[in-house]
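*Asks:* Work out the full structure, taking the sequences as your base and the hints as a guide.
Chain residues, written in single-letter form:
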Amino acid sequence: MSVSPKSRKEMPLTPLSSPTVGSMGKTGFWRTFRPEVDYSKCTRCTLCWIYCPDAAITRQEDDTPKIDYDYCKGCGICANECPVKAIAMKREEE
Amino acid sequence: MAQTIIDAANHIAGYAAKAARVKVVAAYPITPQTTVVEKIANFVESGEMDAEYIRVESEHSAMVACIGAAAAGVRTFTATSAHGLALMHEALHWASGSRLPIVMAVVNRAMGAPWSIWPDLSDSLSQRDTGWIQFYCADNQEVFDTIIQAYKLCEDERVFLPAMVCLEGFILSHTYAPVKIPDQEKIDDFLPPYKSGWILDINRPLSHANLVSPEWYMEFRYMIQEAMENAKELIPEIDREYGKRFGFEYGGLVEKYECEDADLVLLTMGTMGSDAKIAVNKMRKEGLKVGAARVRVFRPFPLEEIREFSEQAQMLATIDRHISFGMEGFLASETRASLLSQKDPPLVAGFIAGLGGRDVTSGTIEKIAKKSLEWMRTGKVEKETEWVDLRE
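Chains as they are written, first to last, in the numbering used here: chain A, 1 to 94; chain B, 95 to 486.
Simulated from the structure, these hints should not be mistaken for lab results.
Ideal Cβ positions, reconstructed from N, Cα and C, are used throughout, including at glycine.
It is possible that part of the hints are untrue.
Part of the chain B face toward chain A, derived, beta carbon under 10 Å [what the hints assert, rightly or not]: (1) Leu194; (2) Phe254; (3) Leu305; (4) Met317.
*Replies:* This is the structure:
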């Protein structure tokens with residue numbers, strides 16, 4: 001959340017911010033390749049969730065990974081790490 | 095009961111950290127600072143001091159650990175010298191910009207190359223623009239008192255800035271002298287526990303000092319300048335209050351000696367201030383109207399107090415244990431700059447002395463004073479910057 005102070009008196013001494021979802025805007029449109037999970041192959045090992053550098057994969061209660069395409073930048077680390085090759089990287093326009 | 099102990103200034107800095115009830119110390123050893131944190135390590139190990147002692151792999155990490163600890167809301171201390179301080183440089187800006195009241199003892203040591211372990215002020219003075227308050231001490235007692243005063247100042251919400259308490263290597267660091275350590279309850283009463291303006295808390299995640307756009311950056315800079323101006327007001331107040339409670343007072347920003355009617359005022363920093371007093375005593379006996387003023391706080395710079403000298407004195411002589419290559423000593427530069435707006439400013443002569451630990455005795459200072467008096471009488475400063483005792 002960003003607050004715009006009206007004067008210097010309202011400003012904190014140093015900039016402070018609380019973490020929020022997408023405080024700097026959505027980044028999913030940076031993507032060239034899109035990871036797609038084949039849930040029939042997925043073993044719910046959670047490695048993709050652990051490795052995702054952008055925390056764009058959430059772990060469901062039964063350990064099923066869910067990719068948040070608003071923030072996934074398409075780096076492909078999840079696909080690379082998946083031990084059963086359940087994640088495919090597909091060109092965005094396809 | 096207050097007790098008087100005889101110990102080296104470095105150990106005294108350790109006693110001060112203990113008396114201030116510092117909670118986190120992160121430090122890396124470097125000569126001549128090492129015995130400061132050795133003393134603290136002993137205190138922590140023996141249980142006399144209830145603090146977390148973090149051993150780190152470099153001074154940069156030491157400062158960053160202090161930043162983290164101070165941001166978590168605890169009183170934090172570290173100490174370093176010369177190249178260790180230089181290695182911290184980048185992190186020093188983060189400490190002041192995050193408005194964290196870290197106190198650090200800087201045991202002054204000349205910068206290499208060539209390699210030197212002996213004192214001059216080039217290490218701390220080259221950190222002039224980092225947003226840290228800078229105190230310079232003249233004796234062991236002042237080291238203790240200034241560390242306590244520094245916490246009082248830095249943790250004031252009108253300031254919230256870090257401070258360096260500087261003491262010259264060997265001249266003070268390893269030299270034993272009597273120091274009065276006040277009662278712990280009286281120190282606790284003077285220095286209550288630290289209350290931070292904001293803290294890092296895992297239950298309320300927060301990031302600090304993050305990216306700001308050009309639209310906001312200048313205001314954050316201005317607030318640091320404002321805090322420095324506030325510190326200028328508060329330092330003499332805190333010093334007087336400390337003096338009332340504990341019996342030691344240092345003139346606030348500038349310690350003046352025989353300045354009231356002086357034609358010539360000798361401006362010094364650190365231990366030279368003590369030698370200057372001896373020189374003044376001798377010259378006063380000869381009927382020479384000479385005074386000495388020790389600039390105890392270099393940031394914020396006491397420019398108003400320097401200007402006050404111009405009402406009486408005909409000449410100021412600055413003695414720098416420092417050189418800014420290609421210009422002059424910083425004390426000379428700041429003094430000249432302070433006087434520029436004055437109507438009828440006194441003459442200023444800059445002297446460079448004691449670099450790399452070369453002795454500056456009262457005799458050296460007397461020589462400087464006599465030369466300055468000569469120039470004062472002719473009304474012409476023959477050399478703007480004179481290197482004292484330099485080989486031909």
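*Asks:* Of all the hints given earlier, name the ones this structure violates by number, lowest first.
*Replies:* none
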